[in-house]
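Student: Letter by letter, the chains look like this.
There are 4 protein chains.
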Amino acid sequence: MGSTWGNNLKLSLFGESHGKGIGIVLDGLPPGVLLDLNHIRKQMQRRAPGRSGTSTTRKETDDFEIISGLFRSKTTGTPLCCLIKNENTRSEDYEKIHNLIRPGHADYTGYVKYKGFNDFRGGGHFSGRLTAPLVFAGAVAMQILLKKNICVGSHIAEISGIKDKLFDSIDLNNNLFHSLSKKEICTIDDESGVKMKEEIMLAKAMKDSVGGIIETAVINVPAGIGNPFFDSIESRISSMMFSVPAVKGIEFGSGFRLAEMKGSDSNDAFSISDGKVCTFTNHNGGIQGGISNGMPIIFRTVIKATPSIFKKQKTIDIESMKETEIEIHGRHDPCIVPRAVPVTEAAAALAILDILMGKDEI
Amino acid sequence: MGSTWGNNLKLSLFGESHGKGIGIVLDGLPPGVLLDLNHIRKQMQRRAPGRSGTSTTRKETDDFEIISGLFRSKTTGTPLCCLIKNENTRSEDYEKIHNLIRPGHADYTGYVKYKGFNDFRGGGHFSGRLTAPLVFAGAVAMQILLKKNICVGSHIAEISGIKDKLFDSIDLNNNLFHSLSKKEICTIDDESGVKMKEEIMLAKAMKDSVGGIIETAVINVPAGIGNPFFDSIESRISSMMFSVPAVKGIEFGSGFRLAEMKGSDSNDAFSISDGKVCTFTNHNGGIQGGISNGMPIIFRTVIKATPSIFKKQKTIDIESMKETEIEIHGRHDPCIVPRAVPVTEAAAALAILDILMGKDEI
Amino acid sequence: MGSTWGNNLKLSLFGESHGKGIGIVLDGLPPGVLLDLNHIRKQMQRRAPGRSGTSTTRKETDDFEIISGLFRSKTTGTPLCCLIKNENTRSEDYEKIHNLIRPGHADYTGYVKYKGFNDFRGGGHFSGRLTAPLVFAGAVAMQILLKKNICVGSHIAEISGIKDKLFDSIDLNNNLFHSLSKKEICTIDDESGVKMKEEIMLAKAMKDSVGGIIETAVINVPAGIGNPFFDSIESRISSMMFSVPAVKGIEFGSGFRLAEMKGSDSNDAFSISDGKVCTFTNHNGGIQGGISNGMPIIFRTVIKATPSIFKKQKTIDIESMKETEIEIHGRHDPCIVPRAVPVTEAAAALAILDILMGKDEI
Amino acid sequence: MGSTWGNNLKLSLFGESHGKGIGIVLDGLPPGVLLDLNHIRKQMQRRAPGRSGTSTTRKETDDFEIISGLFRSKTTGTPLCCLIKNENTRSEDYEKIHNLIRPGHADYTGYVKYKGFNDFRGGGHFSGRLTAPLVFAGAVAMQILLKKNICVGSHIAEISGIKDKLFDSIDLNNNLFHSLSKKEICTIDDESGVKMKEEIMLAKAMKDSVGGIIETAVINVPAGIGNPFFDSIESRISSMMFSVPAVKGIEFGSGFRLAEMKGSDSNDAFSISDGKVCTFTNHNGGIQGGISNGMPIIFRTVIKATPSIFKKQKTIDIESMKETEIEIHGRHDPCIVPRAVPVTEAAAALAILDILMGKDEI
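Chains A, B, C and D, in that order, are what the protein sequence lines are. Per the numbering used here, the very first residue in the first sequence carries number 1; after that it's consecutive. Per the numbering used here, the very first residue in the second sequence carries number 1; after that it's consecutive. Per the numbering used here, the very first residue in the third sequence carries number 1; after that it's consecutive. Per the numbering used here, the very first residue in the fourth sequence carries number 1; after that it's consecutive.
None of these hints come from the bench; they were simulated from the model. Since the structure is predicted, the reported quantities are computational estimates derived from the model, not experimental observations.
Each pair may be met inside one copy or between any two copies, as identical chains are not told apart.
Derived SDA-like pairs: lysine to any residue, alpha-carbon spacing no greater than 25 Å straight-line:
no. : residue 1 : residue 2
1   : K165      : S179
2   : K322      : C278
3   : K322      : G294
4   : K20       : L34
5   : K359      : L34
6   : K163      : S264
7   : K262      : I326
8   : K148      : G116
9   : K20       : L37
10  : K165      : M261
11  : K182      : I219
Start from the sequences, fold in the hints, and give me the full structure.
Tutor: Below you can see the structure in the form of structure tokens.
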């Protein structure tokens with residue numbers, strides 16, 4: 001398995017990059033939610049390829065079709081299926097090289113797991129293209145969360161060593177998230193964004209690619225949501241975030257910096273403000289004991305450099321089991337981070353909605 | 001919920017720090033496994049408190065009783081229940097202060113989630129003590145994995161800024177893991193261990209605490225294990241690791257360093273050695289597309305500084321909803337990292353065993 | 001939720017009777033299975049409406065499209081999505097009466113659960129039409145089971161008081177199942193079939209409908225498959241069978257007749273035949289302690305009479321909350337039992353495959 | 001697996017008949033529920049052996065110990081673990097015959113599944129004794145349901161051909177359930193109970209055993225609870241009921257009698273009474289489309305005759321793989337039905353509570 005997720009809102013993801021289509025089924029949505037299809041399209045366009053020099057030139061409209069679960073523009077409460085047809089595929093690029101394992105991709109692991117039967121074209125089911133239905137689902141989740149005043153936003157915290165300000169240094173609100181979402185390189189500090197773009201274009205010129213870090217915040221999550229142990233907020237968000245191809249690390253609050261902090265610093269002392277409990281600092285990223293404390297939930301995910309590069313690479317031929325070299329052609333992103341930003345928002349929204357729906361009440 | 005985990009091997013964790021006992025049920029173990037109870041005890045003693053100056057003086061034998069699932073020293077295949085009775089509890093320490101929210105703990109979030117009904121003594125169900133049954137379960141999992149030649153080991157990669165060598169710089173094998181497991185401060189480089197201990201004792205003297213990073217490796221996992229997307233190895237391991245109290249971040253392979261690496265570096269080019277596929281480097285930590293590639297699975301988790309410190313801290317009284325101060329007494333670890341090492345091994349072993357049992361075969 | 005099922009093979013069912021389409025996602029299929037699309041089509045045609053006087057005149061080709069998970073005619077091992085577009089819908093029949101709750105249907109319960117937002121046309125997601133993707137999925141499962149020599153077959157045991165022979169009185173084999181599958185009224189004893197058809201036509205003439213009982217057998221299931229307690233074979237099969245609309249009861253082996261039998265009769269004494277363990281009788285339907293014993297797994301499900309009848313019925317108007325009467329028009333089956341036969345086979349195959357894939361082995 | 005259940009309230013059952021103990025973990029209970037331990041004890045005593053001539057003479061107090069999840073007499077919201085120690089076991093009875101497969105038991109299927117490693121003494125994990133923790137858990141569920149005015153009751157509908165009145169012929173309320181619970185043979189019609197007892201004593205005298213049917217009702221379940229398809233109320237209740245050893249069939253509402261009913265009869269026409277929607281009849285057992293309609297949820301389960309009989313039976317020796325005979329000694333129930341009554345109530349309560357906790361709301 002692997003393509004089904006959720007304790008309360010069940011997701012079922014399907015499709016391959018160069019097959020007939022890709023999509024997702026969402027089971028467990030509340031009924032009667034008026035879906036804003038324009039908002040969904042906007043989120044999907046932020047992820048779609050071919051919008052700028054920093055991304056692949058493969059153009060896809062990513063037009064989605066809602067097959068079920070929507071009636072008179074509102075959710076029915078029964079499973080919502082979204083289908084995105086594949087277009088503009090150039091499978092022949094892959095047919096030629098399909099015995100050559102592309103380094104950094106899932107070509108080898110997929111070959112072993114599926115005994116050579118998986119659809120290898122464009123990465124098949126492993127393709128980053130599968131994040132399109134995730135963004136669709138996340139946009140639906142964001143609309144439901146917004147009714148509870150819960151907002152999700154992300155920015156690029158780092159690309160190839162160039163860093164942006166972090167969320168804990170500024171005031172978080174939906175306007176900020178909205179303005180971030182409109183930027184090509186969505187940084188808080190525009191100057192950092194300019195430098196990041198330069199790094200990306202430089203890597204592109206060198207037939208190489210770069211990675212980065214995305215920071216995500218979820219605000220207005222009420223205190224008391226989540227669980228100790230296996231269904232902790234961190235467990236649920238991380239299980240979802242590591243579903244996103246290329247994510248190799250996640251840290252909450254001050255994350256790995258906590259290794260150098262004293263308890264007296266990292267404890268986030270409590271205070272009361274306007275009759276509400278809050279903490280002076282937020283080194284725990286809004287989560288204690290796996291449960292929300294009402295402060296912003298903040299985490300960072302690291303995205304490795306796009307594996308598809310035009311440089312010649314050492315690899316193997318899986319049929320002959322011999323060492324060889326590969327030169328990848330086709331259309332690829334020199335940096336996937338800008339397009340991954342809406343994906344992290346989607347993943348965060350889905351995780352928080354699933355947790356929120358699991359209130360142990362009768 | 002939150003205390004039940006597993007796709008193929010189901011864990012059910014129960015108990016509170018100062019209640020009658022704590023324990024775990026493992027459902028789905030293979031039958032006929034001869035359990036080495038001494039190995040289990042050794043792993044549990046590595047986690048047990050009161051063994052050295054770096055840990056709390058609360059002494060517990062952590063004697064476990066196997067209630068079911070073991071017959072004539074072998075697993076029956078039906079649920080194995082392990083019970084650990086609580087002893088040497090000093091609940092009165094907690095009764096006095098139970099309106100005062102301890103910063104950094106789950107006191108506030110637990111209070112909100114459970115509406116004040118949870119057992120607050122010693123953190124109740126949120127207590128780090130609940131990792132004892134996890135270590136029990138992990139030791140069982142390690143014995144089963146060892147039959148497939150799969151070994152798990154950990155070392156302390158950092159405490160309070162003092163760093164050890166990393167696993168990718170040395171040869172990984174079970175002897176190394178075994179020798180690491182015998183050290184009080186289990187570092188590869190003993191000198192680093194001495195300095196780390198000094199940092200811990202310094203923090204203790206200052207009535208404060210320190211955090212750190214643990215690195216874990218699982219070797220000899222066959223290629224082709226795991227899943228794309230939601231049940232990726234990273235998703236499963238992270239969902240388990242974030243169940244361990246105080247863990248706030250996890251990174252696989254080169255992790256957050258990937259943000260500064262080019263694709264040509266991070267791709268892990270393939271080669272063939274002794275007729276087996278392997279990679280020259282292991283920046284992906286043995287996992288591509290959520291599936292094992294046969295290289296060591298390597299990850300690091302950050303553990304925040306122990307929240308219980310003897311310094312006076314600002315906090316609130318949850319009944320009166322007023323700001324106040326708290327001074328924590330009792331027995332606490334100035335650094336939980338050394339005791340967390342076997343916990344990360346247990347968590348890794350449980351995650352890998354669960355994944356391994358989920359082979360999609362009939 | 002409700003439309004997601006499976007421990008090892010995950011099903012995700014979607015769609016509404018009069019929406020754009022219906023379908024199913026199967027996650028966890030073994031890779032490399034060559035699918036016989038003709039066999040799938042045949043099974044689906046057995047369920048399809050409009051084939052004979054005993055069923056509705058709504059004609060649907062039930063042409064399915066495989067969106068993903070099939071590559072070069074073989075399963076890829078990644079999610080297989082099947083989409084069936086809706087055609088020949090007459091939604092206006094439903095628009096007129098949608099405030100009038102149809103007795104025997106899920107109109108009222110769906111209205112309450114989904115707060116009036118569910119798609120009411122043709123029963124929406126509750127429609128028996130949703131069994132078409134189940135039959136698709138079941139046919140895939142049957143093909144995989146057949147590789148292990150496991151076969152599934154059903155016959156109509158009773159319609160409106162007219163009874164067929166039962167499976168325990170004859171020799172069970174795949175040829176029998178094959179010949180049964182070709183009959184319009186698939187009874188072992190053809191004479192019973194003729195009488196059943198008369199009963200159906202009589203009910204139709206009276207603007208009424210009739211129910212019946214279907215008996216299903218799964219042969220060659222190896223001994224030792226299944227689980228004690230919650231994942232017993234009976235638990236898994238029944239949870240799947242009660243997913244089929246109109247099923248209101250299930251019994252295994254001698255079922256309700258066991259209430260009048262002595263232990264010395266119902267115990268199924270063991271013997272050895274050709275070196276294999278078997279039982280003289282099969283009152284337990286091939287299952288003991290939730291686990292297969294190698295004998296045929298046999299169960300019967302009762303299907304209530306089609307709720308849509310042309311007779312005038314008492315009911316309520318859900319908007320005005322007043323009592324009223326309803327006269328249902330449109331196209332309906334006077335007896336759904338013949339079309340439900342392949343559905344029970346599909347459900348049995350899916351349950352057995354899911355159980356078989358859950359062998360606790362590593 | 002097999003011993004873990006629940007979508008919203010997770011149960012984890014453990015233990016063997018002649019091991020150290022048996023028990024259950026309940027994860028997901030609401031916090032703050034004051035548990036009435038006397039009520040729990042009463043329910044468990046109804047199930048306990050040794051109370052009358054119709055049951056085994058093995059006496060067990062079934063004293064339970066709550067290990068966790070209860071603080072100051074109220075549920076904490078964290079996992080509640082109940083442990084029942086085994087006493088008065090006569091394992092030597094089983095040691096002697098453990099190569100001889102007892103007909104009607106899970107001896108053979110357990111042997112195959114667990115490769116001979118399962119604890120065979122007294123049936124091990126398959127023992128009916130494992131229903132004691134289920135009754136404990138069910139009593140907890142009943143107390144929570146009662147706060148919503150939801151009540152569960154059962155009576156013996158048939159033993160060995162002797163029938164009681166059915167629930168649909170009388171008025172259902174908690175007083176009735178309460179008075180039924182106090183009877184040794186809990187029938188509505190006391191005369192039937194007397195005759196049933198005679199049948200049981202007759203079977204006992206003949207060294208044989210008898211089976212029967214139990215009818216269960218759950219009243220005051222609000223309309224709109226449950227799900228279409230795989231998590232239908234029928235699917236959830238049946239998956240739980242078939243967990244109870246010896247249950248071989250279940251029918252809802254008019255069940256198998258629906259095979260002889262016309263749609264105009266079985267449709268349960270709607271009416272309005274006191275401003276509330278109800279149906280004139282209840283042939284659907286309170287469930288339509290898998291969802292409650294507000295009418296009593298009614299179902300019947302058939303319990304096969306106790307497999308342990310003192311008559312000589314044909315069987316096999318599993319080690320020598322030869323046919324032989326077995327004469328079972330020890331202490332056994334000539335009819336398990338009276339003791340199974342509280343088990344069906346427990347199972348119903350657990351299923352309904354789990355469903356109720358799964359309301360798709362945020």
